[in-house]
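J.: Now for the letters of each chain:
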Amino acid sequence: MTNCEHIAESLGVWLDGELTLADAEVIRLHLESCAQCDGKRRQLEKLHSSLKGVLGSNLPQLALEPFWRGVQKRIAEKRTWRQEVMEWIHSTLAGPAVAWAVPAAIVIILAALSVDSLRKLATPRNNFAAVESIDAHGRNVALWREDETKTTVIWLYHNQEGENESSGENTETGRSF
Amino acid sequence: MEPSDWELVQKCQAGETGAFQELVSRYHQKIYVVIVGLLGNREDALEVAQEAFFRAYRKIKSFQGGSSFYTWLYRIAVNIAIDSQRRQKRNPLDFRETMDGLFEEQNEVAKDPFSDVHDRELRDKLVAAINDLTPEHKAVIILRTVEGLSYKDIGEILGCSEGTVMSRLHYARKKLQEKLSAFL
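So the protein lines, in turn, are chains A and B. Per this note's numbering, the first sequence starts with residue 1, numbered consecutively. Per this note's numbering, the second sequence starts with residue 1001, numbered consecutively.
These aren't lab readings, by the way, just hints derived from the structure by calculation. Remember, it's a predicted structure, so these values are computed and weren't measured experimentally.
DSS-like cross-link-like pairs, simulated, lysine-lysine; straight-line CA separation at most 30 Å:
1) Lys46(A) <-> Lys1152(B)
2) Lys1011(B) <-> Lys1059(B)
3) Lys1125(B) <-> Lys52(A)
4) Lys1179(B) <-> Lys1030(B)
5) Lys1059(B) <-> Lys1030(B)
6) Lys52(A) <-> Lys1179(B)
7) Lys1030(B) <-> Lys46(A)
8) Lys1174(B) <-> Lys1125(B)
9) Lys1152(B) <-> Lys1179(B)
10) Lys52(A) <-> Lys1030(B)
11) Lys1175(B) <-> Lys1125(B)
12) Lys1152(B) <-> Lys1175(B)
13) Lys46(A) <-> Lys1174(B)
14) Lys52(A) <-> Lys1174(B)
15) Lys1061(B) <-> Lys1030(B)
16) Lys1030(B) <-> Lys1174(B)
17) Lys73(A) <-> Lys1030(B)
18) Lys1175(B) <-> Lys46(A)
19) Lys40(A) <-> Lys52(A)
20) Lys1061(B) <-> Lys1011(B)
21) Lys1174(B) <-> Lys40(A)
22) Lys73(A) <-> Lys1011(B)
23) Lys40(A) <-> Lys1152(B)
24) Lys1125(B) <-> Lys1179(B)
25) Lys1152(B) <-> Lys1030(B)
26) Lys73(A) <-> Lys1059(B)
27) Lys1125(B) <-> Lys46(A)
28) Lys1059(B) <-> Lys78(A)
Examples of chain A residues lying across from chain B (beta carbon under 8 Å, computed):
29) Gln43
30) Leu47
31) Leu55
32) Leu62
33) Trp68
34) Arg74
Cβ coordinates follow ideal geometry from the N, Cα and C atoms, glycine included.
Here chain A stands alone, though its shape is the one from the complex (with noise of 0.2 Å):
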């Protein structure tokens, strides 16, 4: 950014008299060697001045008493509970209430998360084990199998009655080893 770029950034700052007097005087000193910054200050005091001509000096007295009886008969007014709750509502969602609700909305799903991670740990694990029986020409073969630590066993037995060479998942037969 130049530095009439940034002159013009800072000129409505200036005029508001909101800068610093380090920075003020910066740009004091700026407007009277930039003819063109010095152009954009006019237009920006012309605006202003036109402003304030529209918006503040045209506006007739508001009298006192009338416009407070207005408020009093508010005052007296009983209002029904959908008109507290729509007021409720608007007051707490106007302004500063909505930058609230994003920061808000982020807290309560982390805090969703944390707890769902939370039960996760709390919640004694299940490790699940497969055991195979397998026919191995003649020989029965059982392999157990756990994912959690990558463990697998082996077993090789004797089978007492030699007669059950089924495979598959038999409970019955994982037993008598």
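Go by the hints and put chain B onto chain A.
T.: Relative to chain A, chain B alone:
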């Protein structure tokens, strides 16, 4: 010696309605002018101003003096006005007609500052350009131009930072300048 706003607020909190009436007399005109600027309609502005004081009365017990009373009151009023403006979406011509009406009334007692043809045209364009601003941009322009409030106070009223006030003012002025480039 006149009691301060805070002393009057404390009396209101103790149940003295007279103290609230004194606060109304101090600020009703200022609040009304700001709301007319925002809504561009005197009847609506009167309604909103009265509603703002009514709500302030109801909430006054919760006012702890953390900010000045007038920024608190302006905050209530501006929020109602912006909300009302969004909901009603009135005819954009209303603002111009109202302001024209105000100028006509004023001409009877004083010289119109926009009596020159060129300036009158500028005024019309300016009113139209103000009307095209969003409620938030219009609010910063009015609070700054009409009330001469500081960025800090405007930020408190609108519930935003001073930086936001600064950028909104910059944007609003830029928009107005673009639309009025032929006149400035």
